[in-house]
Amino acid sequence: MTQTQSNRQPAAAFQLKGSIYTLTTLELHSPSVDDLAEQLASMADKAPSFFQQTPVIIALDQLRNDRAFNVSRAKHLLHEAGMVLVAIRGGSQHQKKEAGIANIAWLPAQKAEKQSNVVMLADPDKNVDIESIDPQESSFPKPVATKIITTPVRSGQQVFSEGDLIVMAPVSAGAELLAGGSIHIYGPLRGRALAGINSTDSDARIYATRFEAELVSICGQYKLTCQPDHSPWSELWGQSACVMRETGHLRIRAL
Amino acid sequence: MARIVVVTSGKGGVGKTTTSASFATGLAMQGHRTVVIDFDVGLRNLDLIMGCERRVVYDLINVINGEAALHQALIKDKHTDNLCVLPASQTRDKNALTREGIEKVFAELSEDFEYIVCDSPAGIEHGALMALYFADEAIITTNPEVSSVRDSDRILGILQSKSRRAELNLEPVKEHLLLTRYNPSRVDNGDMLTVEDVTDILAIPLLAVIPESPSVLKASNHGVPVIHQDDSDAGQAYRDMVARFLGAELPHRFTEPPRKGFLQKMFGSRA
Numbered sequence: 001m002t003q004t005q006s007n008r009q010p011a012a013a014f015q016l017k018g019s020i021y022t023l024t025t026l027e028l029h030s031p032s033v034d035d036l037a038e039q040l041a042s043m044a045d046k047a048p049s050f051f052q053q054t055p056v057i058i059a060l061d062q063l064r065n066d067r068a069f070n071v072s073r074a075k076h077l078l079h080e081a082g083m084v085l086v087a088i089r090g091g092s093q094h095q096k097k098e099a100g101i102a103n104i105a106w107l108p109a110q111k112a113e114k115q116s117n118v119v120m121l122a123d124p125d126k127n128v129d130i131e132s133i134d135p136q137e138s139s140f141p142k143p144v145a146t147k148i149i150t151t152p153v154r155s156g157q158q159v160f161s162e163g164d165l166i167v168m169a170p171v172s173a174g175a176e177l178l179a180g181g182s183i184h185i186y187g188p189l190r191g192r193a194l195a196g197i198n199s200t201d202s203d204a205r206i207y208a209t210r211f212e213a214e215l216v217s218i219c220g221q222y223k224l225t226c227q228p229d230h231s232p233w234s235e236l237w238g239q240s241a242c243v244m245r246e247t248g249h250l251r252i253r254a255l
Numbered sequence: 001m002a003r004i005v006v007v008t009s010g011k012g013g014v015g016k017t018t019t020s021a022s023f024a025t026g027l028a029m030q031g032h033r034t035v036v037i038d039f040d041v042g043l044r045n046l047d048l049i050m051g052c053e054r055r056v057v058y059d060l061i062n063v064i065n066g067e068a069a070l071h072q073a074l075i076k077d078k079h080t081d082n083l084c085v086l087p088a089s090q091t092r093d094k095n096a097l098t099r100e101g102i103e104k105v106f107a108e109l110s111e112d113f114e115y116i117v118c119d120s121p122a123g124i125e126h127g128a129l130m131a132l133y134f135a136d137e138a139i140i141t142t143n144p145e146v147s148s149v150r151d152s153d154r155i156l157g158i159l160q161s162k163s164r165r166a167e168l169n170l171e172p173v174k175e176h177l178l179l180t181r182y183n184p185s186r187v188d189n190g191d192m193l194t195v196e197d198v199t200d201i202l203a204i205p206l207l208a209v210i211p212e213s214p215s216v217l218k219a220s221n222h223g224v225p226v227i228h229q230d231d232s233d234a235g236q237a238y239r240d241m242v243a244r245f246l247g248a249e250l251p252h253r254f255t256e257p258p259r260k261g262f263l264q265k266m267f268g269s270r271a
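So the protein sequences, as listed, match chains X and C.
Reminder that position 167 of the first sequence reads as 167 in our numbering, one-by-one numbering, no gaps.
Reminder that position 122 of the second sequence reads as 122 in our numbering, one-by-one numbering, no gaps.
Taking lysine to any residue pairs in the SDA-like style, the calculated list, with each CA pair at most 25 Å apart, reads:
hint : chain 1 : residue 1 : chain 2 : residue 2
1    : X       : Lys147    : C       : Asn169
2    : X       : Lys147    : C       : Pro172
3    : C       : Lys174    : C       : Gly13
4    : C       : Lys76     : C       : Tyr58
A short list of chain C residues far from chain X (calculated; beta carbon distances all over 12 Å):
hint : residue
5    : Glu67
6    : His71
7    : Glu111
Quick caveat, the hints were computed from the structure, so don't treat them as lab data.
Beta carbons are placed, not taken as given, at the ideal position from N, Cα and C, and that holds for glycine.
Pulled out of the complex, with its shape left as it was, chain X reads as follows (with noise of 0.2 Å):
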């Protein structure tokens, strides 16, 4: 009894524990704390009610005379914009000491990875419109790399892309060819192609110069080819073909 109740710790009161949260962060490209109450005041007008208790970071990033930006001031006119400042993000010392004696957090700059920025950094005094810096393009999704095949696929081979897939050689009756993309297939495809296996819904299709597959699949989708019927399957069949998917159907049509 004596050991279990030595044994036995506190309840513990709180754990720490790491989380990753996506917040809001304005970026400024002026220092004058004018300009941006102008910006937070027309933007509140548009949606007054967007931006209640929204947590903010001020990012100093892009700034490079950022002695004459204010950190209280800045925090004030978030707080009347509805926006809650928790921190700000590089600037220089002058910067992390004001960010403390405002009680907010000072988080390190990041490094400058996004290119279409760099203009501003080039030149910190020219207004640059907000609106004209492209959202889609810093948001843009690193393509996926397409695989290119040159030597024949033979039977008992299987080829993976994550993206597209290209063959510029014959793949043979018993291969495998499989990619999140669409394929291509410069040559005879005589084993099976299965494009845009990652999704259920994707506009992966698959080319060959000559058609005499095994087996198509787009999405999960698949058909057994080469029946002996009058369908444009066996009509195409050692055609140029392309194989789609259309209303949940697979189809095939002449290149």
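Guided by the hints, dock chain C onto chain X, whose structure is given.
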């Protein structure tokens, strides 16, 4: 450094051992010092086809295990100078073949021979993989028939991925297609695949077409490689094959059915 040539197919019964025997004999007849090795451990046949089964004392596995010296196991061919046979063991299994052991044997053979011909067992198991691993060139023996063509295709894929040259990213194994048991009359009837069908599927250069011939069976049973028979079509086809392998440019023969004379057309079935 000797050139290592593997005779392989994937499928059994297509003529690998017959081809190995005649091809190695042909190389030796052209004056190249050649050794032909049987890799079919447990199903030893090459010594029968070469007619040296009564002279086997030691075998490849004995040499690998260090139980015999290489010169004790090598059998000098009776019919041809420059030719030696290294037989397989009939009592062991294929796991007795080790990559290190084979490498050592090949290194020793390279000192005395120009060509090392490996007669691969059928299948894609350990024995076949060991036979093709060190190959510089491969003779893909195929019958004009769908299952044989598909198995050859499979073995080509293995040559590209599991051979030493593939693993070390060296120049790939040089592939030659050898079409055996070809019967032009049956091809014309549509019973057999044509030369074009096979080359189209396998997409490798054609080395030779060996016609289906009764002389092959006869030669095997007599223990004399068919290439020694000058008057047989298969023997001539193997001579062409060796000449082409050594760089000669010869037209392909035996791909057309024999032309029938007037009398044969009239009395064809009775003649």
